[in-house]
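Use these hints to put chain R onto chain E, whose structure you have.
Listed in order, the protein sequences are those of chains E and R.
Quick note: the first sequence uses my numbering, first residue -16, plus one each step.
Quick note: the second sequence uses my numbering, first residue -16, plus one each step.
Watch out, some of these pointers could steer you wrong.
Since the list gives no way to pick one copy over another, a pair counts as held whenever it fits inside one copy or between any two copies.
Once the Cα atoms are required to be at most 27 Å apart in a straight line, the calculated DSS-like pairs of lysine-lysine come out as [to be verified]:
no., residue 1, residue 2
1, 110, 192
2, 454, 499
3, 213, 202
4, 499, 14
5, 120, 224
6, 11, 202
7, 120, 267
8, 224, 121
9, 11, 121
10, 267, 110
11, 362, 290
12, 224, 135
13, 290, 120
14, 267, 1
15, 121, 213
16, 224, 267
17, 121, 267
Calculated from the structure, these hints are not laboratory results.
Number of protein chains: 2
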Amino acid sequence: MLKGGYMGKILRVNLTTKKITTEELPEKIAKDYIGGAGFGIKYLFDEVPGDVDPLGEENKLIFASGPLSGTSAPCASRIALTTKSPLTGAVGMALSGGYFPVEMKFAGYDILIVEGESEEPVYLWIKDDKVSIRPAKKLWGINTFDTQVLIKDELNEQNARIACIGPAGENLSKMASIINEKRAFGRKGVGAVMGSKNLKAIAIRGTGKVPIANEQAFKEARSFMLSAMKKSAHLYPQFSKLGTPMVVEVTSALGIFPSENYITTGEKNYVGDLGVEASLERAKGSEHCYGCPVGCSQMKLARGSSKYISALSDPEYETYYSFGGETGVRNLDSIIFADQLCDKLGLDTMSVGVTIGFAMELFEKGILTLEDTDGIDLKFGNHEVMVDLITEIAYRREGLGALLCDGSKAASEKIGKGSGKYAMHVKGLEFPAYDPRGAKAHGLNYATSYTGADHNRGYAFQEIFGAPFPKAYDRFAAQGKGWLTKWNQDIRCATTDCPTMCGFLMDMALPDVAQKNTADMVSSVSGLSLTPDDIAKIGERVNNLARTFNIAAGFTRADDTFPERILTEPIKGGPSKGHYISRDELKEMLDEYYNVRNWTMDGIPTREKLTELGLENAITTLEGLGLI
Amino acid sequence: MLKGGYMGKILRVNLTTKKITTEELPEKIAKDYIGGAGFGIKYLFDEVPGDVDPLGEENKLIFASGPLSGTSAPCASRIALTTKSPLTGAVGMALSGGYFPVEMKFAGYDILIVEGESEEPVYLWIKDDKVSIRPAKKLWGINTFDTQVLIKDELNEQNARIACIGPAGENLSKMASIINEKRAFGRKGVGAVMGSKNLKAIAIRGTGKVPIANEQAFKEARSFMLSAMKKSAHLYPQFSKLGTPMVVEVTSALGIFPSENYITTGEKNYVGDLGVEASLERAKGSEHCYGCPVGCSQMKLARGSSKYISALSDPEYETYYSFGGETGVRNLDSIIFADQLCDKLGLDTMSVGVTIGFAMELFEKGILTLEDTDGIDLKFGNHEVMVDLITEIAYRREGLGALLCDGSKAASEKIGKGSGKYAMHVKGLEFPAYDPRGAKAHGLNYATSYTGADHNRGYAFQEIFGAPFPKAYDRFAAQGKGWLTKWNQDIRCATTDCPTMCGFLMDMALPDVAQKNTADMVSSVSGLSLTPDDIAKIGERVNNLARTFNIAAGFTRADDTFPERILTEPIKGGPSKGHYISRDELKEMLDEYYNVRNWTMDGIPTREKLTELGLENAITTLEGLGLI
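Isolated chain E (complex conformation) (with noise of 0.2 Å):
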């Protein structure tokens, strides 16, 4: 029985039936995979066969939220989403912050499943223990933004807080993202798995309280994490006052700020044009996600031309990247205005931006031509172009609209000519804003998480901002990385993705003790006595269960790799000039890895892993597939 944390119940929704039943939250699951993305995958293995169709209707919907969610522990007013993702035919898992996940914890649910598929655009109210399935017929076209004020309105509850797709999402752009309020289920496109199901939003409503099991000894452990977090280096004030924006000045000085399609990363610098000192003259103050005492969302106002003035946004750091630097643009209005009108559509900004980047870098080959693209000149640094080119992605128009909406990898099979090695992502997923070359450990997660190309399933912050934990690392060296990798991917899972937290706190705070730390919170808040090692533990779980579900759904170590650029490219100027990722060295990491995982050099999770870490279900999942 759970003691608190839990609001012990998940709710399902089956849109093909309109039947909405609940169930409750077995405390096994619970202790063994803590909530959020661990609960996320728990469902998806266990009811989702890897084999789906994405978009058809057996594929699922599964919000869930940690039990830190809605208390007053800092920082943990998120919510992992995980779905079979469109994109990449891989585990979707995709986390979103503000105010929604805290809203679902206070409407009494730790899990909501939506299953099925609608006929009609529909929407989903939950307003505590009522639930119900409403059209949506007339929000259907709308974007995010309104379509939240709208439903509001309709409602007559100013104070819900609301899950939506746009446009993208109708179309099924396997870029499409998931908006609630500012923020979005960003990548991997889920907003396309909503929109095939015909669910335009989820509004919920609540009013209940989270449980404390033990408050004193949350009280402790809170305090104690406030503390760490005074004491970091990088939090306050630097983070709370810049956001990720910041680390466009740390990834430049390290030379792997990406650029125009990773040709130019380190040869040409964009601090001038996207750094601090810009972002500062257009802030206009901060965000807070419920419950969170940094605010690193920080709101940007553009200026400049008639077409980006006064659109208001808090481009994240990799969006500076997907649609600078990739882009090959330095025009930050545009970014901010290009940042808006992706959250308003329900765009992906990363896997946008390095779309039209890849689209660019074959327009300058010319493996694109003017025909090609309509007469547009689609040439790098073009931020009109690059602007014009999101509302074409989000509405699959005819020409560069469709060709490119599924993303980089579709968009290279469509086109063909030897463009797929330009295409700048792992396993479909377009790639994050750190370019591996100059730092291998990411480039190891980039090819082993289980959702892509993906900095935040496992981020290397030794390699970025130089924490010598669990020790110092060369970023240049592949030596190690295998470890480190496992290392990286199973304490973030568990310290982040699983309670749920927010990931800053591992990478700049709490590096050094947020295995404790969050035993201590998820032990208090929950009553569940979790170890440091439980929690690592937990981590590794996950990553072998998720890593099962790829396998059943076709991947092999043969997807575990780079675009060719990656590989054979080095980085032509700037402190990592010259560096690379050979062949060799990926088969030395993925070797290193698979070894630390007890995997087999297949990339197979072995019988004894699977069995020391509980994993039955997924032994057999792999016996049925002749692989164990």
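Relative to the frame of chain E, chain R by itself:
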């Protein structure tokens, strides 16, 4: 002692001294002016000299609601803002709807008077009897939609209702509006007054209730009103389903839908592009003001080009005209986009559209050249340019933005070259969407309304919907229009602008019972005993007091006139072909109007009339000017 309807309190905020005070609402003022525009004009007259600089410290913003707002009276969530208009120099009274009006009542106030000027940007936060002036530097530059979201977040009050200015108000555009929710205090540049005071926003949250003096009588009056509304030939389902844009077809059939700055009215038909069918194709449901059973605000979703697609807005008939016919634009999607853009930037759609249409005529006539427009092809029908100019205007940008941002009159004065005769305004306020050459009572109302060319101050529904009340009128005739205009102005003022009820009721549902309805509704809610005759008298009182303010501001009979086109160029085609208002007809109408108003032939209210209306202060003012 006021018994109901009124909260009995005036909130006064001085932005210079930061002093916040409350005072009692005198019963006599309630009885003599009812509320809304009546209160506004009474306090403006008493506290603001006619000759002050509208953008100076001495001008005031007087927000006043009526006794019915916040009760269960239908269609009464309205609020009047009265100030000296920077666009006209006359009384600038503008009404808005939505939820802001009732929130002010719930907070406990009938009137909010903002005076003085803050040195730094601030916003006002009114939570019941807790009132504070808060810093708004961070909000400066931010559009009206984002401002509302940010303030709600900052206050952690999702139920707050906010009226605010956008960049246009900050930049003191004399066409700047004030936006609450998606509603507008639209015309007369009231947003610039707020901008001149460095007041970004007023946020209100109220938890009180509006008392009802006589529940039983109110119930009966309300039920009479609702059944009168139901009997209306126009209100349901037509108006409820189509909103004001249905009028495009009505005025087109009469040949008075204005096109191309009134050059081609009647000749060119816009029904195919802007008519009911085109509207319904884009319809996305309706928004209701508080307590309104009609819901005339029809949300429409733009489609077509990437530039406009996904814009969601509710352009009124007047916006169809100003950004449609007036500019020769037939692209409805661009009109929806322009409407939303104006709301976000805080601009009056009517004045902006008409001013752009004016500039287009000058361009087509060669008075503005390609050199003046910086190469922009400013011809009629160019919707892309029309949309781009909106932002230029809001930011007072060098070139066309700075030239046009204070409206057509100011622009014509800067341009010279005889351009003034093409500027379609009265007293600086741009023309509404009824070509007065085919609707002469509309014309006389434009010429004499205390706010300039304002259809809402004395809407001659007799000429548009054919309602034979108080009797049938020939729309082309000049004779009798003096009497009719006085009646329309007084009754409109007293039955809608003061109580405060929605103007559409009067035009479409209740013209024959408006006086009785207002008397019964206001009397029952407030305990004041008003007869239908009292209602007419109140309208007359308010119009006379406003007229006296305008005389003190320097206006004379010579200002009660039309642009030359109306006086000399007949309508060239369609059902109103050949008609215009000759100078003789204008003289005849004015003479009749002054006569029935018991004003001198110079348009000065007589001592006799003012005494009859109890306006001794107006007599004193006119005595001071040597005019009485």
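Consistency of the hints with the structure:
1. 110 / 192: Both: 14 Å inside a chain and 26 Å across chains, each within 27 Å.
2. 454 / 499: Answer is within; shortest intra-copy Cα gap is 17 Å, inter-copy 85 Å.
3. 213 / 202: within (16 Å within a copy, 61 Å between copies)
4. 499 / 14: The answer is within: 16 Å in one copy meets 27 Å, while 71 Å across copies does not.
5. 120 / 224: Close across copies (17 Å), not inside one copy (42 Å); limit 27 Å.
6. 11 / 202: For residue 11 and residue 202, only the intra-copy Cα distance (25 Å) is at most 27 Å; the inter-copy one is 60 Å.
7. 120 / 267: between (36 Å within a copy, 9 Å between copies)
8. 224 / 121: between (40 Å within a copy, 14 Å between copies)
9. 11 / 121: Neither: 43 Å inside a copy, 48 Å across copies.
10. 267 / 110: between (34 Å within a copy, 25 Å between copies)
11. 362 / 290: Both: 19 Å inside a chain and 21 Å across chains, each within 27 Å.
12. 224 / 135: Result: close only across copies, 21 Å inter versus 31 Å intra.
13. 290 / 120: between (31 Å within a copy, 23 Å between copies)
14. 267 / 1: between (44 Å within a copy, 25 Å between copies)
15. 121 / 213: between (48 Å within a copy, 26 Å between copies)
16. 224 / 267: Within. Shortest intra-copy distance 11 Å satisfies the 27 Å Cα cut-off; inter-copy 40 Å does not.
17. 121 / 267: between (34 Å within a copy, 5 Å between copies)
Checked against the numbered hints listed earlier, the structure breaks hint 9 alone; every other hint is satisfied.
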